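Participant: So the protein sequences, as listed, match chains A and B. The working numbering numbers the first residue of the first sequence as 1 and each following residue consecutively. The working numbering numbers the first residue of the second sequence as 1 and each following residue consecutively.
These are computed hints drawn from the structure, not numbers from a lab. None of these values were measured; they are calculated from a predicted model. It is possible that some hints are incorrect.
[What the hints assert, rightly or not] Coverage of chain A stretches by chain B, computed from C-beta distances (three or more under 8 Å per stretch; other residues unrestricted):
| id | region |
| --- | --- |
| 1 | 40–50 |
| 2 | 91–103 |
| 3 | 272–280 |
| 4 | 355–362 |
| 5 | 419–432 |
Using N, Cα and C, we set each Cβ at its ideal position, and we do this for glycine too.
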Amino acid sequence: MSSPAAASTRPTHAKVAASLRRRYRSERLFRAAGLAAVAIGIVFVVFVFYTIIAQGYGAFAQTYLRLEVDYTREVLDPNGTHARADLESADYAALVKGALRAQFPEVTERPELRALYALVSSAAEVQLRERVLANPALVGQRESVWLLAKDQVDLLAKGQVDRRAPEADRNVDDRTIAWFDRLAAGHRVAKRFNVGFFTGGDSREPEQAGVWGAVVGSLLTLVVTLALSFPIGVAAAVYLEEFAPRNRLTDLIEVNINNLAAVPSIVFGLLGLAVFIQFFGLPRSAPLVGGLVLTLMTLPTIIITSRAALKAVPPSIREAALGMGASPVQTVLHHVLPLSLPGMLTGAIIGMARALGESAPLLMIGMVAFVADVPRGLTSAATVLPVQVYLWSNSPERAFVERTSGAIIVLLAFLLVMNAAAVVLRSRFERRW
Amino acid sequence: MQTSSFIVMVLVLGALAYRLARRRALAAVGGPSGIRQLHSLPGYYGLLAAIWCVFPALAVLGAWQVLQERVLVDLVLAHQPGAAAGLTDDQKGLLLNDVRNVVDGSVAAADAPPQVQAAAAEWRRLEGIGRLAGGSLALGVGLAGGLLVWRRVGPQMRARNRVERLVELNLLLCSLLAIATTIGIVVSVLYEALQFFRMVPIGEFLFGLKWSPQMAIRADQVGSSGAFGAVPLFLGTLLISAIAMLIAVPIGLFSAIYLAEYADRRVRAVTKPLLELLAGVPTVVYGFFAALTVGPLLRGAGQAVGLTVASESALAAGLVMGIMIIPFVSSLADDMITAVPRSLRDGAYALGATRSETIRQVVLPAALPGIAGGVLLAVSRAIGETMIVVMAAGLSANLTVNPLQAVTTVTVQIVTLLVGDQEFDSPKTLAAFALGLVLFVVTLGLNIVALQIVRRYREQYE
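Isolated chain B (complex conformation) (with noise of 0.2 Å):
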């Protein structure tokens, strides 16, 4: 029996028990007409039961599931014939494979050798035995939660206040999970990052100055040594997030300053949706168009004018991020100059300042904290960001600072290392999660800061 049809099982009988338990309650206090007698309305008392008859049932039918694979793999080798027991893991593995194969249909059992098939035999009918031994014992589980309710239903049983709290622990569960994101992504980031640290010190990673992340097969190999200096990865991401910032920041400033201050309604509704329309746009879009028109076009450019420019360079993704964080700095930034109270602007006017020395020395020097706060989530966005790069910045890491040339940044090293085949013991594949480590420390540490900022900005002007 597949497991789906034990979960519609356990529904059924959790829909059973909410009927029984419902009509118990009713039956207790003599039918309808006795209901004032109840402690909480009759469906309650039915929601109660249903909820721990189905709940634990499908939790034990969860377990059975994880834990029968294992148990499935140990007692499949267990059963092996003599020749088979002193096989190494590597073997195992492979064995374990072609059953698998073998038992999913991937590949025709007739094709597969005499040992295979008899496994293959063999995990098929243990896992029915299991199956059935699993399921039976959720159904079991769900039966045994909802009678136990069942039979303590009665006029005063707080059937409502039980159920209210079950669904109030659901609700803080939910929440909970934002802390447990934020440690899965520390935990898992740090252990595979600290295993890197042990092949690799710390300290040649943050300060080196060299990166050729390339791990030789032999030892004795040319260039076997792969080296693993970040500082140009680093150099880079900075090189590119500054570009994209110079562009960003002013654009962004200055058209938050027009819309919110001088444009009228009218050009105000039009405009802002349109430019708001380059943050809608998914990133790889960005980099399709960075990659294909903007770096030829600045190739050309360059060309024209007698510079080399390098097809990749740190110019082309870097003009095209600062584009698309345009619309983050400046709806950031209206929401700042916004909330600047209307008394301030019209005490400068009153003082016979023009518009432009008001916003200047009046608006931005109160709404600059929050703007700093703005700028620093940008910059965040800008150095986290990865398919622009990864489709528009080069690979090779150069240590530079010219954004006519090619560097590569963080993220796309990340990508480089990590897509395709890996494993999960080289240096190639951790130093990945330690530059991992590094982007998230270095966002976290940002965010933290500008959130700290716009929060106590926010706060003074309300």
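Bound conformation, chain A alone (with noise of 0.2 Å):
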């Protein structure tokens, strides 16, 4: 080495060993907040998803209440004519009421009997109703029957009502509290699986409220959705990626899927409004018509991965059909699209599940009415899963966050069960080329 070299790089080495320590000191703290990032990140997923399925599992059960119900012959069958017109409407409720005061003789004022009466929902009422109706035998017997709690003793049997708090702090006066205790220190409160919630439609009251006319919008709603998206999707992906000479005209289609794939949903929603209902006079809070604009809405999504998928078809299989005299439309139909299939599925899949989240556009369009019932057609008026979830979760009652959380888990499932089978499609069928 020579010395003038050396000399020369001496200083510049001891800068570098000299600023070393700081310079790998900001490498770690670098590397220590991309880690606190992912780290923070993930701790929210666990947060979320903690915070809805701590607070919602407990609507898969519901509690009932074991009373001694007393078929009394003067209540059901006053004339004494054993007739199924006369036991259809009978006084159910009266039974109900009987059953509690045999239980608790000692209560006989009327404001307290009221609270008493309290204790059971009038879904119990139909319950004894359909027992009689489907074995008139009973008429005059005595039997002991589960029957469904309202939802304020269902709380007290979850232990969600602070039992230490003041009396006027809380919905459970002190009273229902101690009704309570001695039914359970009678063994009469269970908690059984609440298969009311996924067999029945909406109600006002928290312990009848059911998911399944939701579920049924959602898929009503799914599949006019599909229908129309995923055919159109496809023609118009095929179209753009396999005919489309490149002029003013595809390159406007282009810019406008994009830009569409970005437009908030709830603008979605006011086209919807205006044009469906307004204009073409569609009815209202129908699923026909939440397909239609969420049709509209998941349209670019289906397009740009359908695009995707023929680009990934090789241009051998084209070249290879067009050589032995196939047309383009018959290159296309018979060859491209059958190995593009897997891939547009799973895109669509993918659409699907965003549509069954999406609640803001169908706000718009009056799929946030009240409906009991579940929903017989297409026209009929409907709701779905995640606009029953802020239906519920804008309801006073303390019940109904429990369900308004059971009804997200429910929403949940479907989206990874859609998920995965998108995964499974994906990995199942998917050709490397």
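Two independent chains are provided; combine them into the complex using the hints.
Facilitator: Written out as structure tokens, the structure is:
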């Protein structure tokens, strides 16, 4: 080594060496910041899912009370005719009230009685009516029946009422708690799997509200969406990818599609309201209109993913088909399209999953109405799962919090299944060329 | 007869046309042995006949369905006895509603007044005639279309080319739907918004400081003049979006950097999908989470340190919106970072730079335009996000930038103005469309700029 070179590098070396500690520290800091960001993100994921599941799993169980019901002949069959019409129109609420009075004979005052009757849901009457109609021999008998409890009792049973709080601060008063405790001590309280939650429609009474109506509404809406957006989206993608000449029009279409994919969903709701409902006069709250709006909203996504799937088919396939004398349309329909179909289906499922979770545009077209019946057709009033979540979250009753989380869990389960299907489809049928 | 049975008949007719045209094509060349003399495969002749049979017939059926309703209304009203002739439009509408209810069966016919009953019977009779006529017309058109093709079937007919041209036309029409949607949005929203600006000057709407969209029922009522100054809404939207971006951009960007540059493959394979779970959660779930968990949590935390936090504070909504946007930012940033070519990094390492120096001084500047585009897209999502703010932000329009207070946003107001019963001539309803127009224009502008940036950037390294 020549001395002048060594002399000139030494100060640089010294400089570098002196700065190394600082540089390594900043390296570590930077890395730690990245790790922290990832950790925060994961904490958010866990936090969101934990709170929803912790609040919601209780909705899958429901409290029932065992009461001794006297099927008194005077109430059910006052004329002694045994006529079915009499049994159908009898006052079953009186049976429930009688059973409660028999359980707590010391309650006689009218306001207190009213509070006592509020232990049992109004669905109990229907329950008794069905029992009697199924077995008229019960009239005049006495039997021990599990009856659906009211929402406050349900909250008590699930330990969601803070008993130590002052009475004015909770919505369950002391005497109800006392009655409940007596029932519980007599093994007259039980939690059972909440079948009604999965088979019932919406209700103003939390203990009777179910998600089935919303699930059916969602399914009907999605059927319309899929039936329209998949064929149209695939056709548009095929045109743009395989046939379109490069000109102003196709450029315009492309820019349009990309922009529509980023337009806020609520704007599609405004479009649906102004065009489908106001201009074409289609019915409000109908799955048909919801499906149309969601079709317009998911079309860009489906077109974009379908184009990617078409692009993935190598040109050699097309060239081989053309070389064998197939026309361009035959090439696409017989060869390119079948090969890209799995990719397109994956895209369609993901688009449907997004449509299933969408609620803002559906609020605009009136799918927020209270619909207690399970929708029967494409034009009957309906609501969808995410909107049901929104509706319940607005309800003042404390018990609806649990229902809302339960409905969210159902919604997330559907989304999970759809996304899993997309993953399976992709890994099963994806071809590497 | 029901419309659906006519549709089935049309389809049957189409199938018949297919069979007959195909057979005629084969017969024209003396059976399957002469198939070489045909221009196209026999199926194409059948297809062409079926297309010309089914599509015009369905079009006629559809058009008839739309027109029939209007003609029926006029006819039923015209046939009303003399007393009804002088009805106002409102009364006519009421009468029609009653008639429709009876026709649907949603009101028992026996309960309706005799005039309505008569009208309903008239309606049913005319509807039956109309359906029959429309269906017959459609079948006739289908028959004529099929017959026309069938007669011309011969070895020289270029059936395949014709079918293919129709197929291509169909594909083109499908892709034009995207443009139609945009035009539909612009026209419908603009039309209603212009009506609104006729009642409220556009300057007052864009620059007014007071928003209280109540309209009095009587003119002399207290507070009868609604105020439509949208600045508090714009400010509220920006405030919540800014909070969301303050959360989402650092976390999203740093996690993208970590996952792309530092994490080893296995960590990445687990962590990335886990973070992307956040993107799959419906926004209504975030709204519920914000309103029920985060809002009270922040309120409690505020009380603990002596701050008053509104239970519907901008902070809660912004925070949760930020969480929602994290995966959006991180996956876009990830794309952009991995698009930076390996050679740039190698160059920096060769000069003795540490990893973080390489990232900060080489990779990030190279990826910056793309990341900026991604962030703009994220901003446009935050501005247009609806459910979180509807459920977690307030309704009252406060002109404030204090994140601990409740503010309202453009989307919240659109929802509150439009949900429920509404008439299309009150400024209250139309204001929602004016807000929608602003929202559409702003997000469209952001999207166009952002997509332009992202595209140009992608091309740079491809």
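Participant: Flag every earlier hint the structure violates by its number, smallest first.
Facilitator: 2, 5
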